[in-house]
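Please work from the sequences and hints to get the whole structure.
Respectively, the protein sequence lines represent chains A and B. Per the numbering used here, the first sequence starts with residue 1, numbered consecutively. Per the numbering used here, the second sequence starts with residue 451, numbered consecutively.
Bear in mind the hints are in silico, worked out from the structure with no lab data behind them. Keep in mind that the hints are not guaranteed to be accurate.
As the list claims (entries may be wrong) - Computed spacing ranges between beta-carbons, pair by pair:
#1 B:Ser460 x A:Gly117: 29 to 39 angstroms
#2 B:Glu545 x A:Glu423: 42 to 52 angstroms
#3 B:Glu545 x A:Gly117: 30 to 40 angstroms
#4 A:Arg187 x B:Glu478: 50 to 60 angstroms
Unchecked claim - Here are the computed lysine-lysine pairs in the DSS-like style, where the Cα-Cα straight-line distance is at most 25 angstroms:
#5 B:Lys837 x A:Lys134
#6 A:Lys134 x B:Lys834
#7 A:Lys22 x A:Lys5
#8 A:Lys253 x A:Lys22
#9 B:Lys644 x B:Lys670
#10 B:Lys455 x A:Lys63
#11 B:Lys837 x A:Lys387
#12 A:Lys56 x B:Lys520
#13 A:Lys22 x A:Lys438
#14 A:Lys253 x B:Lys584
Said to hold, decoys possible - Derived contacts from chain B toward chain A, CB cut-off under 8 angstroms, selection only:
#15 Leu459
#16 Gly583
#17 Asp586
#18 Gln833
Where a beta carbon is used, it is the ideal one built from N, C-alpha and C, also for glycine.
2 protein chains.
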Amino acid sequence: MERIKPRTLSGFMELLPQKQQKLEKMMEVLRNTYSLYGFAPLDTPAIEDAQILLAKGGGETEKQIYRFQKGDSDLALRFDLTVPLAKYVALHYNELAFPFRRYQISKVYRGERAQRGRFREFYQADIDIIGDGKLDVLNEAEIPAIIYRVFRGFGLTRFQIRVNNRKILNGFYGMLGLTEKSGEIMRTVDKLDKIGADKVRTILMDDCALTGEQADEILKFIAISGTNAEVLAALEGYTGRNEIFDLGLTELKTVTANLAAFGVPEENFAVDLTIARGLDYYTGTVYETTLLDHPQIGSVCSGGRYDNLAEYYIDKPLPGVGISIGLTRLFYVLDEQGLLNPELPSAPADALILPMTEDPAPAVALAEQLRSAGIRVQLYAEQKKFKQKMSYADKLGVPYAVLLGEDEIAEGKCSVKDMRSGEQVKLTPAEAAAHITKGLADNNGPLILE
Amino acid sequence: MERIKPRTLSGFMELLPQKQQKLEKMMEVLRNTYSLYGFAPLDTPAIEDAQILLAKGGGETEKQIYRFQKGDSDLALRFDLTVPLAKYVALHYNELAFPFRRYQISKVYRGERAQRGRFREFYQADIDIIGDGKLDVLNEAEIPAIIYRVFRGFGLTRFQIRVNNRKILNGFYGMLGLTEKSGEIMRTVDKLDKIGADKVRTILMDDCALTGEQADEILKFIAISGTNAEVLAALEGYTGRNEIFDLGLTELKTVTANLAAFGVPEENFAVDLTIARGLDYYTGTVYETTLLDHPQIGSVCSGGRYDNLAEYYIDKPLPGVGISIGLTRLFYVLDEQGLLNPELPSAPADALILPMTEDPAPAVALAEQLRSAGIRVQLYAEQKKFKQKMSYADKLGVPYAVLLGEDEIAEGKCSVKDMRSGEQVKLTPAEAAAHITKGLADNNGPLILE
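Here it is as structure tokens:
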């Protein structure tokens, strides 16, 4: 018969089992952590009415979107999780309890030009807290705690959550009489890390038409650095001149004041006045997260406070705060850099049972006993030579092989072989379960290396 | 501003948080159970090259598929998880260890005519075991154990896994000289439950051109019933006349012989000669699963043994066995019939902490302590009246509210209120964690009612 050469589209991540297992573990950390903070899992359709998805419009989005007709319907695949959330909250406004906290870990689609490390289908892992009309700033203070637990859950310690407040920036630009230009200025300042202070100064003067004095004031302001206490003290010097600024500083102080109570160590957190986030809809606290030893990766978790989630769909102010992790890209980069812990077991089973007798019933019963103890067990059923069976166990990477021959059955025991050390012990099923469970717990290293 | 009325496309399930929580719990049971049996999680793209997805062709599929162009690419959304699996195994043949066991719980897309209870986007929860050239029948014997654990995990006891073997049917039709017509006959017999024996007999004679004698032989054969032992005994009477039949009976006996070892009670399993499954590619054991008290739902988990998973992509025989649960439809029907246990907690948090003092730090610290004990905690941060706070707790459906006022703080305690009984106790944080954990464990009923 004529065959079609199988392939996976470029820009679409499709992992081999052992890698997939690591991605699943990262997702499990995300689900568990988000749940610990009272976020409800949400699942929205991947396909939406194109008119609704594009309500906000915008150039780049529209070019990248997967949009198609089916019958009379104008459909599109979601390109982020925020627009579907806005639609969801507007649609179900009367049925939801506010503040509404949801997490969503789902794939989104962008038909970008394919290039290394860019994906057309990728997971985002988002949380948002949406208020009805109002939302207390304490919610903004809680976000760093969630980011902290997520990255600690991944096994990391060398990361930093960088926080700023857009009101501080807006207020500061107000002091300089540059309120009108603040969006433009922030987008320029946001490039500081990439292009350096000199180029930022040039753009501020040439493109934004600032005076040299204004540009210098701005560069001086965003150069404020030091410990959190030092930065806050420096900011105190600007108070009393602009209400928005003062409000922003109060919010920032609330966020930093509760860090210790939230269990976030000082070294994992920094007030950083250079963080602005490009998007115009952020209005308060903004977040970025960097891996200290891998700054070239850029921010691995970003977000902020906004005032109007769903203004395109509903006539209600719905302020919120949220963060997003670009999981597929993060996973890709970690893998490229060899940071996914290779020592961590990533086999589909903890133990492979190898029956050595004709009647499989004793091996079947043993498999079920171990499974009832929570051990992931594969029963090897193929009629192969012993060497081939062991080579399969090796290829799968299972931590334990369990051999069951006539001798073992006669003694009511089984032989448990540690595939890494080669050590083999004869144990009762209950002992075997305990032995394997303990071995697995002992070998529970970090997901990601530093 | 002009607003767009938010809506979700018809045929797309979008759940409110409490229902979503129940669906997530079903998915968790599926993931955990599939993992216990050594299946690796797999995640393939939702979009594939249309040529590859439609390699097999076929009328209905092609009409229902979401297919669209992006640039020069002819793309389509997957309509099942089997074709992507076939592509995956063919593409990664050299990198996989066989038998290859994978599970995938993902959405698939079919642009069917919208009607009540039919979905255009729906979850399938599939497992498959793929052999390289050969696959031992013991794998087929293991499938009922997995189905059993899944439905027990859902909280059900009143279900039955019905098993047949296509070789028995093919061999039997061979005895009657009807090999050529066996596909046609099986598709007709498959309708027995729906249209009754008389109509089946009429179709067999009128459309399949069988003699009345042949039709009666077939109806007599598929009417064989009784305990598993009785059915097997009756089938023994047909042996020695057709090799395929004899092989099928041997396989069926292997499947039934190991049930006890696999821990499947007799009452949850039945050899049922009327089960054929419509699809031509099944070649051995076939499975259906019915909820005994809700037969109108039809089979909730079906599948079988096949000989060639990926013949359209690779010149290697890849036999396998698999089952599929149409999760979205199952969830929809269970919900419609009121069978999703309403008593099961489905709030996003186990406890809602209500700070009663101006400084939130003690409440924040308490929240983190409870979270570290594994309790899902939401910190209520809004400045509202006490009554409004309690009404929010009610609306969320949290099992516990935790109040923290000056008195409690002074004593190093907190007040834990059971939202169902109304009972309130003052406890230290550690006692509160234990109290809540115990209460949650006590209220851990079945996911699905019978």
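Of all the hints numbered above, which does this structure not satisfy? Sort the numbers upward.
Of the numbered hints, 2, 3, 4, 7, 8, 11, 14, 16 do not hold.
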